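Engineer: Hey, can you work out the whole structure from these sequences and the hints?
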Amino acid sequence: MMYGLHWSESLSLVLFWVVCAIAGALILMQRLSAICGYEKQFGLPESNWPGAIIGGLSGAGVASIGIYFYFFAPAAASWVEWTGRSAYVLVLGSSAAHLVTFIHFWRRLGAEGADTGNLTALRHEQVDKFRQSHENYADLKARDDEAVDELLAVFGERLLSGQRALSRVPFYGYLGTVCGILLMAEELTRLDEATETFKVLRDMAGGLVLAFQTTLVALLAYLPLRKGYDMLLNRMSDLERKWLDMREGEKRG
1048 MMYGLHWSES LSLVLFWVVC AIAGALILMQ RLSAICGYEK QFGLPESNWP GAIIGGLSGA
1108 GVASIGIYFY FFAPAAASWV EWTGRSAYVL VLGSSAAHLV TFIHFWRRLG AEGADTGNLT
1168 ALRHEQVDKF RQSHENYADL KARDDEAVDE LLAVFGERLL SGQRALSRVP FYGYLGTVCG
1228 ILLMAEELTR LDEATETFKV LRDMAGGLVL AFQTTLVALL AYLPLRKGYD MLLNRMSDLE
1288 RKWLDMREGE KRG
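For the sequence shown, position 198 (counting from the first letter as 1) is numbered 1245 according to my numbering, and the numbering increases by one without interruption.
These aren't lab readings, by the way, just hints derived from the structure by calculation. There may be inaccurate statements among the hints.
Derived lysine-lysine pairs resembling DSSO-like cross-links, with alpha carbons at most 27 Å apart [stated by the list, open to error]:
(1) LYS1274 x LYS1289
(2) LYS1289 x LYS1087
(3) LYS1188 x LYS1289
Each pair of labels, with its calculated beta carbon distance range [unchecked claim]:
(4) ALA1120 x ALA1232: 17 to 25 Å
(5) SER1284 x ALA1189: 38 to 46 Å
(6) SER1125 x GLU1093: 23 to 31 Å
(7) LEU1291 x GLN1077: 33 to 41 Å
(8) VAL1225 x GLU1093: 40 to 48 Å
(9) VAL1256 x SER1284: 22 to 30 Å
All values reported here derive from a predicted model rather than from experimental measurement. Even glycine gets a Cβ: it sits at the ideal position worked out from N, Cα and C.
Structural biologist: So, in structure tokens, the structure goes:
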């Protein structure tokens, strides 16, 4: 049994935890499968195991948060408190989705040093055509710039959109902050009831904890992910310079 729960309740919690873990894995695997499906047309191999692992862990985390607040944390006094607590779930789910994207593109960019199965191999084919062509160099350069932009867009567009979407994570934390402050304001209206002063102060402290804790959790999730996206975009810039140098090298050759 779990903390005095009936065996049937304990079993239900375990099943709920497992179902959430499976659901999380399936959701992020589907998300990653959509990304890989687009990349497959460029000859890139499909790999969605990060979605299974991180999705399973995040789903289990969501279940754990729900179980804790429903069974073991002090009962929520109102829907406002439940809304504030939901900020933890929103931060966790959003961060997991971004983490899957980050790991996927980190692995993709890391594989660009290999001979096959990456975009650099396609770039070599483009450069070979550039070398064999007898068209005017200015026209070839314009066409080659378009080809490079197309290759960069395979990773770059999703990285940029992911970076923009990442800005929502702190706002999920602010949701908990607003709800926590609202709880404090509601408790302040009860201070005229002297017999419940200590209870009111305790409830106000709970609202204050919710307000600051959700913001802290959101920022701790946001800042490393933002740094990770910046690193990936810097690697994309290095890759672009490498691809352009390949063309100029062929021209000099």
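Engineer: Now look at each hint and say whether the structure bears it out.
Structural biologist: Hint-by-hint comparison with the structure:
no. : hint                          : verdict
1   : LYS1274 x LYS1289             : holds, 23 Å
2   : LYS1289 x LYS1087             : holds, 23 Å
3   : LYS1188 x LYS1289             : holds, 15 Å
4   : ALA1120 x ALA1232: 17 to 25 Å : holds, 21 Å
5   : SER1284 x ALA1189: 38 to 46 Å : violated, 21 Å
6   : SER1125 x GLU1093: 23 to 31 Å : violated, 47 Å
7   : LEU1291 x GLN1077: 33 to 41 Å : holds, 36 Å
8   : VAL1225 x GLU1093: 40 to 48 Å : holds, 42 Å
9   : VAL1256 x SER1284: 22 to 30 Å : violated, 42 Å
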